[in-house]
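Protein chains in written order, with the working numbering: chain A, 8 to 254; chain B, 8 to 254.
Simulated from the structure, these hints should not be mistaken for laboratory data. Here the structure is a predicted model, which is why all the values come from computation and not from measurement. Where hints are given, some of them may not hold.
Because identical chains share one entry, a pair is satisfied inside a single copy or across any pair of copies.
Once the Cα atoms are required to be at most 25 Å apart in a straight line, the calculated PhoX-like pairs of lysine-lysine come out as [to be verified]: (1) K175 / K79; (2) K239 / K10; (3) K104 / K185; (4) K239 / K53; (5) K239 / K30; (6) K189 / K154; (7) K104 / K210; (8) K154 / K210; (9) K185 / K154; (10) K193 / K154; (11) K108 / K46; (12) K71 / K154; (13) K193 / K56; (14) K210 / K30; (15) K46 / K104; (16) K10 / K210; (17) K30 / K46; (18) K10 / K154; (19) K189 / K71; (20) K185 / K30; (21) K108 / K239; (22) K30 / K175; (23) K185 / K55; (24) K239 / K80; (25) K71 / K239; (26) K30 / K154; (27) K104 / K239; (28) K46 / K189.
There are 2 protein chains.
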Amino acid sequence: MGKITVTGIGPGNLQEMTERAKKAIEESEIVVGYHTYIKLIEALIKDKKIIGTAMKQEIERCQKAVEMSREKKVVVISSGDSGVYGMAGLVLEMILKMPEKERPEVEVISGVSAVNAAASILGAPLMHDFAVISLSDLLTDWNLIMKRIESAAQADFVIALYNPKSHKRIENILEVQKNLLKYRDKNTPVGIVTGASRENETKIISTLENFTNEEINMFSLVIIGNSQTYVKENFMITPRGYNLNLR
Amino acid sequence: MGKITVTGIGPGNLQEMTERAKKAIEESEIVVGYHTYIKLIEALIKDKKIIGTAMKQEIERCQKAVEMSREKKVVVISSGDSGVYGMAGLVLEMILKMPEKERPEVEVISGVSAVNAAASILGAPLMHDFAVISLSDLLTDWNLIMKRIESAAQADFVIALYNPKSHKRIENILEVQKNLLKYRDKNTPVGIVTGASRENETKIISTLENFTNEEINMFSLVIIGNSQTYVKENFMITPRGYNLNLR
């Protein structure tokens with residue numbers, strides 16, 4: 008009987024991976040994941056069998072992984088945490104669909120999530136309640152996404168946006184911005200981190216009024232401050248509420 | 008000139024800590040943190056100087072750390088990620104208050120956040136948009152917390168609750184439950200993970216109607232499913248939206 012492990016590899020640098028994730032990869036026979044992420048952990052993979060697939064082939068990728076895990080030790084990797092827009096859900100859904108006696112052993116390992124990695128690069132923007140929203144409307148109705156944006160804005164959540172923009176999807180972020188400006192000051196700090204912890208990492212701190220003029224792509228994570236968030240010397244900080252008399 | 012590093016140590020097991028966090032602790036001269044978390048990383052600390060403080064002494068703890076970092080290498084630890092209800096914000100606020108030429112070097116290192124660790128133990132409950140809310144009303148007005156709960160419920164976010172309950176604070180969670188029941192089915196899955204990745208880790212999967220009868224304490228993280236979340240064989244799963252025909 009084989010085993011399937013789904014693991015987050017963290018934001019992209021081996022230094023930001025957990026011991027448990029590393030061990031799972033090293034002990035596996037087959038590594039499955041999106042090409043770009045496979046590259047990030049090449050040093051760990053060595054001569055293992057690799058099943059790399061292109062973006063948007065999640066179902067195919069998972070099916071292969073599940074099939075092979077009947078007999079082999081397979082690890083499926085996601086960047087960041089495997090449980091946040093990653094592969095953990097899909098793998099579990101497929102495994103639970105199998106007759107119980109045919110199922111491989113299954114394990115889910117978490118990792119440093121992209122939102123946390125981006126936050127640490129910006130300073131401390133997530134110190135108060137926050138909402139995590141993906142702007143990809145491939146699998147989610149756009150009206151539901153916009154409803155979530157509005158609700159989060161009204162209740163003064165810090166808002167973290169995954170998949171803010173892609174080549175084909177450039178209007179969504181503008182609609183989000185327009186909507187947020189109804190509820191939040193135009194000078195609200197907005198942080199953009201692209202390629203967090205990777206060689207080409209960039210960090211931009213802008214405002215709600217101007218952030219859409221900056222470079223944003225599918226490797227960017229956008230964090231929009233709440234009404235208390237401020238910027239000081241290139242750090243973006245959301246106060247937790249301690250009475251410090253510090254500002 | 009000294010250095011101050013704020014780092015998340017992950018959920019509590021050295022296996023779930025990143026290489027970068029470990030290195031920061033090993034290279035420091037002084038380790039500052041809440042006693043319970045210091046204990047979790049004792050193996051790394053060895054004969055370093057330890058400043059352990061009790062819960063709720065965050066300001067005092069940070070002030071000591073900042074003061075000592077003028078000359079020494081100090082690391083301030085938080086469980087999970089230091090940027091989510093952790094010490095990153097407070098340290099940065101204090102450092103930025105100092106005259107620029109007196110400031111130590113400062114670094115923020117992220118870790119596996121408690122919400123991600125809890126999710127991996129439950130299965131994959133965070134696969135869709137989610138809101139993170141602390142129920143502690145020490146620093147936040149209770150009306151704002153309840154407004155956030157209601158907004159998140161209305162927009163069908165998965166909801167993760169930090170600080171759900173303490174000895175002195177046992178009514179808040181009941182009010183949250185009552186409110187959520189206005190918007191969500193009473194059979195909505197609710198996962199409770201206590202002491203994630205620690206020796207005494209427990210996992211309970213219950214429902215919105217019944218979860219407040221379970222053991223919940225200050226080391227618990229509660230995850231309330233959205234309208235699509237389901238439970239199968241003790242796994243809690245929120246589908247991402249792939250058309251799998253799998254259930």
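Hints, one by one, checked against the model:
no.	hint	in the structure
1	K175 / K79	neither (38 Å within a copy, 50 Å between copies)
2	K239 / K10	between (49 Å within a copy, 19 Å between copies)
3	K104 / K185	neither (42 Å within a copy, 34 Å between copies)
4	K239 / K53	neither (44 Å within a copy, 36 Å between copies)
5	K239 / K30	neither (40 Å within a copy, 28 Å between copies)
6	K189 / K154	both (14 Å within a copy, 18 Å between copies)
7	K104 / K210	between (42 Å within a copy, 23 Å between copies)
8	K154 / K210	neither (28 Å within a copy, 32 Å between copies)
9	K185 / K154	both (13 Å within a copy, 23 Å between copies)
10	K193 / K154	both (20 Å within a copy, 23 Å between copies)
11	K108 / K46	neither (35 Å within a copy, 41 Å between copies)
12	K71 / K154	neither (36 Å within a copy, 44 Å between copies)
13	K193 / K56	neither (51 Å within a copy, 46 Å between copies)
14	K210 / K30	between (31 Å within a copy, 24 Å between copies)
15	K46 / K104	neither (31 Å within a copy, 42 Å between copies)
16	K10 / K210	between (39 Å within a copy, 22 Å between copies)
17	K30 / K46	both (17 Å within a copy, 24 Å between copies)
18	K10 / K154	neither (40 Å within a copy, 44 Å between copies)
19	K189 / K71	neither (46 Å within a copy, 42 Å between copies)
20	K185 / K30	neither (45 Å within a copy, 43 Å between copies)
21	K108 / K239	between (58 Å within a copy, 16 Å between copies)
22	K30 / K175	neither (38 Å within a copy, 41 Å between copies)
23	K185 / K55	neither (48 Å within a copy, 52 Å between copies)
24	K239 / K80	between (49 Å within a copy, 23 Å between copies)
25	K71 / K239	between (49 Å within a copy, 22 Å between copies)
26	K30 / K154	neither (41 Å within a copy, 43 Å between copies)
27	K104 / K239	between (51 Å within a copy, 10 Å between copies)
28	K46 / K189	neither (42 Å within a copy, 47 Å between copies)
Consistency note: the structure conflicts with the earlier hints numbered 1, 3, 4, 5, 8, 11, 12, 13, 15, 18, 19, 20, 22, 23, 26 and 28.
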